[in-house]
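Line order of the protein sequences matches chains A and B. Just so it is clear: in the first sequence, position 291 is 290 by numbering that gives the first Met the number 0, and no numbers are missing. Just so it is clear: in the second sequence, position 197 is 196 by numbering that gives the first Met the number 0, and no numbers are missing.
In case anyone wonders, no lab produced these hints; they're calculated from the structure. Any given hint could be a false lead.
Below, a sample of chain A positions facing chain B; criterion: calculated Cβ distance under 7 Å [as the list claims (entries may be wrong)]:
#: 1; residue: L132
#: 2; residue: R190
#: 3; residue: V231
#: 4; residue: P256
#: 5; residue: T269
#: 6; residue: E295
No experiment lies behind these values; they were computed from the predicted model shown. Backbone N, C-alpha and C fix where the C-beta goes; we use that ideal spot for every residue, glycine too.
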Amino acid sequence: MPSSSNRCEMIEVTRAPGLITVQDSGRPGHRANGVPHSGVMDCVTAATLNCMLGNERGAAMLELALGDARFEFDGETVLACGGAGANSTLNNAPLTDYTAYFAERGDVLMVRATGEARFTYLAFAGGIDCEQLLGSRSTYLPGGWGGIGGRSLARGDRIALQRKRHAPPRVPLPDALRPSRDTRPIRIVPRSPSHQTTLTSLVESSFTMSRASDRTGYRLDGAAISGGASIVSEPVCPGVIQLPPGGQPIVLMADAPTIGGYKSLGCVITADRSMLAQIPVGSGVAFEIISIEQAESARVQQDLSLTAVEAWFRLTLREESSRT
Amino acid sequence: MSLPVIDPLGDSAVIVTFGYDVNRDMNELVARRAESIRAAQIAGVTDVVPSYASLAVFFNPGDIRFEAVRDFVWSVISGEKETSQLSVLAGKLVRIATRYDGEDLDWVADRTGLARHEVVEIHSSVEYRVLVMGFVPGFAYLGELDERLRLPRRDAPRKRVAAGSVAIAEFQTGIYPSSTPGGWHLIGSTAESMFDPRRYPPALLAVGDAVVFEPL
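Bound-form chain A, shown alone (with noise of 0.2 Å):
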């Protein structure tokens, strides 16, 4: 529930031509009941922006897709962003990724989309307030519920934050600690050693990512591979490769239901899923095989990395202080 005496409406939205959602780090625990995780598709910019604003790490907000955007501010607020490289100004003065900004009433916020990749990321110091549902903040667009109104937030929608503990530092996210953006194979973790055959047909081959793709999953385009069948339903999750009889891949993402019917070959790690998400319509996916020990040192690797985001806050924070 949303606590009245911690929040106050600070931003307006006044253009939202694209998809944008209220999105946190999702929705466990309700798998049983058919209810998806959802949640932010890029679980590392998003962590990533919360660190550096001294939020949970899970805390919510924006999540824009497509079409650029336009906001008000009334009050109060700082904020960053990240992931998709969007060309982004502060009352017309650009912004850069990772660094937090200050912005007051009157301000106007732009954010244009630049197709580089698909997700960018909006995150507020205290984080976006708004009803919790089976635990999250996270709008369920296939469901029309969660987050504002259960759907892409439309222009005069507004906006309210958590009230934020203390002012984030103002230097720029050194780079060393921003999520990399390199290209590499997506690496998944095989299903069963029946599939092997498949399997080995997957990693070989080259996929352009799909037009047909969204929030509940991404189709690949490429050669058919053979070995795809319809199945007895069994539980799925974000990252399942299913492989239908028609031979096109589809990898389930964030709002993809809790059972499915197409053989599955594998699953992404959850350390690429991020990386998965951003790739953009028409361009190359490949897949490479690792062992599960590998996936868990993958992990951790990317925990230490937002372990370090929040180490440098505290201590940029503590520098700043000390200053004035």
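Using the hints, position chain B against chain A.
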């Protein structure tokens, strides 16, 4: 192949396959196993999700490692008796007041060679069991439908099926909790709220529940 088999479902879940087909005993066995795993309340496990012949255990990889979850799940599964010796799964009985006014009712009657009232009688005379939850939040796959009503899914799914629609396809029946695309045949409707994220529990039905349709 000897079953069950435990495989990784990525780095934050394990999936246990008990079989490869759909039948009531298998489904009940899976539901029981899911209940046992849940009851053990292992720290770091966030979700236990049963399906027809498989189940998945999701965990927070920051709290527990894959190997520990796999070993734990294996110990629960291998330590239990066969399905025939298990007591019947506890579940509640839910009555769904149904208006048999679906737009496919005539078509279903036509294809099955039954009269409309016979379709209604047959559909409402069975006590169904919730086999699986999924597709969308709160959607319960109910089985098993009388042999006389079994029809394949629509060739082309409808773009929009109204919330509360009662539908059938193959060996199952179900109720659409929200307005979604759908490929099943619509035979009726209910005013019952199948899912509400502001309610506890959010879904009206859970795996193992019994469901009876009561014609209005």
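Each hint, compared with the structure:
no., hint, in the structure
1, L132, "4 Å, holds"
2, R190, "6 Å, holds"
3, V231, "5 Å, holds"
4, P256, "6 Å, holds"
5, T269, "5 Å, holds"
6, E295, "6 Å, holds"
When each numbered hint is compared with the structure, no violation occurs for any of them.
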